[in-house]
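Protein chains: 2
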Amino acid sequence: MNGIPEVVIQRLPLYLRTLEALDEDGLVVVSSQELGDSLQVTPAQIRKDLSYFGRFGKQGRGYRVRDLVRELRRILGLGQEWEMVLVGMGRLGWAVASYGGFAQHGFQVVACFDNDPALVGKAVGPLLIQDDSTLAATVRERGVGIGIVAVPVDAAQQVVDQLVACGVRGILSYAPIVPRVPPHVWVQNIDPVVALQAMTYHLSQRKAPRAAGRRAV
Amino acid sequence: MNGIPEVVIQRLPLYLRTLEALDEDGLVVVSSQELGDSLQVTPAQIRKDLSYFGRFGKQGRGYRVRDLVRELRRILGLGQEWEMVLVGMGRLGWAVASYGGFAQHGFQVVACFDNDPALVGKAVGPLLIQDDSTLAATVRERGVGIGIVAVPVDAAQQVVDQLVACGVRGILSYAPIVPRVPPHVWVQNIDPVVALQAMTYHLSQRKAPRAAGRRAV
Numbered sequence: 001m002n003g004i005p006e007v008v009i010q011r012l013p014l015y016l017r018t019l020e021a022l023d024e025d026g027l028v029v030v031s032s033q034e035l036g037d038s039l040q041v042t043p044a045q046i047r048k049d050l051s052y053f054g055r056f057g058k059q060g061r062g063y064r065v066r067d068l069v070r071e072l073r074r075i076l077g078l079g080q081e082w083e084m085v086l087v088g089m090g091r092l093g094w095a096v097a098s099y100g101g102f103a104q105h106g107f108q109v110v111a112c113f114d115n116d117p118a119l120v121g122k123a124v125g126p127l128l129i130q131d132d133s134t135l136a137a138t139v140r141e142r143g144v145g146i147g148i149v150a151v152p153v154d155a156a157q158q159v160v161d162q163l164v165a166c167g168v169r170g171i172l173s174y175a176p177i178v179p180r181v182p183p184h185v186w187v188q189n190i191d192p193v194v195a196l197q198a199m200t201y202h203l204s205q206r207k208a209p210r211a212a213g214r215r216a217v
Numbered sequence: 001m002n003g004i005p006e007v008v009i010q011r012l013p014l015y016l017r018t019l020e021a022l023d024e025d026g027l028v029v030v031s032s033q034e035l036g037d038s039l040q041v042t043p044a045q046i047r048k049d050l051s052y053f054g055r056f057g058k059q060g061r062g063y064r065v066r067d068l069v070r071e072l073r074r075i076l077g078l079g080q081e082w083e084m085v086l087v088g089m090g091r092l093g094w095a096v097a098s099y100g101g102f103a104q105h106g107f108q109v110v111a112c113f114d115n116d117p118a119l120v121g122k123a124v125g126p127l128l129i130q131d132d133s134t135l136a137a138t139v140r141e142r143g144v145g146i147g148i149v150a151v152p153v154d155a156a157q158q159v160v161d162q163l164v165a166c167g168v169r170g171i172l173s174y175a176p177i178v179p180r181v182p183p184h185v186w187v188q189n190i191d192p193v194v195a196l197q198a199m200t201y202h203l204s205q206r207k208a209p210r211a212a213g214r215r216a217v
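Chains as they are written, first to last, in this note's numbering: chain A, 1 to 217; chain B, 1 to 217.
Because the hints were derived from the structure by calculation, they are not lab data. Small disclaimer: the values here were computed from a predicted structure and weren't measured.
Pairs involving identical chains hold if they fit within one copy or between any two copies, as the list cannot separate such chains.
Using 20 Å as the maximum straight-line C-alpha spacing, the simulated SDA-like pairs for lysine to any residue come out as follows:
#	residue 1	residue 2
1	Lys-122	Ala-95
2	Lys-48	Val-69
3	Lys-48	Arg-74
4	Lys-48	Arg-73
Generate the whole structure from the sequences, applying the supplied hints.
Spelled out as structure tokens, the structure:
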């Protein structure tokens with residue numbers, strides 16, 4: 001948006017994660033060099049990425065860790081709790097539902113769904129697995145903004161369509177497809193094969209990769 | 001590498017996936033417009049991305065699907081089978097080990113490990129879960145190139161260090177850390193929170209996102 005490259009947006013959560021860890025360690029000020037070392041990106045990259053969003057830190061004085069955490073959280077829209085529904089409660093869905101990392105970052109799975117009668121009614125932490133037929137009512141009633149898709153590939157587009165139809169604006173998809181969505185819906189795919197195929201590009205190059213480009217989410 | 005932006009590399013597997021699907025459907029030639037429609041990126045973006053790697057397709061005649069599939073596979077280093085070891089056999093590790101999508105794309109989990117005696121010896125498909133203590137010997141013996149890290153966050157850096165020490169050059173990490181690795185090792189992180197935080201940036205913007213920037217891996 002506003003001409004900010006998507007690749008920059010995708011890096012901000014990594015900056016945030018590292019800065020939060022530094023804050024927990026009690027660090028008050030961090031230089032872009034130190035931050036770059038932690039993230040294995042160049043200091044110049046960090047300064048350039050942050051410059052899209054205003055002026056942070058003072059020349060030669062580094063960034064105040066807690067201020068930058070607060071600014072990044074604001075930029076990323078993390079000042080609110082984000083409710084999510086999860087569809088597909090196979091092994092993967094179960095692992096996602098049980099993941100302890102969401103809550104501390106302001107994300108919450110508020111309902112989970114499957115169409116397998118053998119799973120419906122089972123408890124996953126504080127939630128009971130609901131039948132797919134109750135998805136639309138739950139999403140609409142609570143105004144849930146984000147849907148997580150953990151169903152098999154053949155069912156994925158249909159579940160995405162269902163989620164979009166009941167008002168979800170963000171889709172986190174674990175299915176190995178590029179789902180079709182209307183323009184107001186944002187999709188993030190999580191696909192190990194895609195990640196591996198980008199990795200093998202680099203492993204196949206003769207020369208060692210440069211430090212600056214050495215990771216991706 | 002060679003000045004090719006990492007964001008372009010990360011898009012190539014998505015192009016490949018879509019082209020493979022079109023090939024299966026029997027399509028012989030595809031225009032960048034049609035390809036863009038399938039992927040929800042602009043045709044200009046596709047042409048620009050591919051131009052980094054040479055000339056594909058003819059002006060106004062589109063791309064020959066099968067030729068472009070072959071070229072992308074070559075560029076991405078997919079002409080060989082890639083062996084992987086998997087460390088951490090909790091729910092997530094189990095879901096990863098059971099994932100049917102690796103084999104068809106030339107990736108194979110050849111061994112999986114956990115340090116929990118209750119898990120060691122259990123069968124996961126054709127594999128038996130091995131004790132962590134056998135990791136180094138297995139990786140070295142087979143010359144495995146890629147390690148998948150599915151252990152809890154507190155153990156992640158240590159497992160990464162172990163994998164790197166026994167010669168793994170690529171790490172696919174599900175742990176919510178930015179692992180420290182030497183320059184010759186490539187890391188891809190798979191982290192739903194990072195993906196969600198990039199998504200909420202867009203969901204928090206007032207205007208609907210542009211079609212061209214609407215997705216990320």
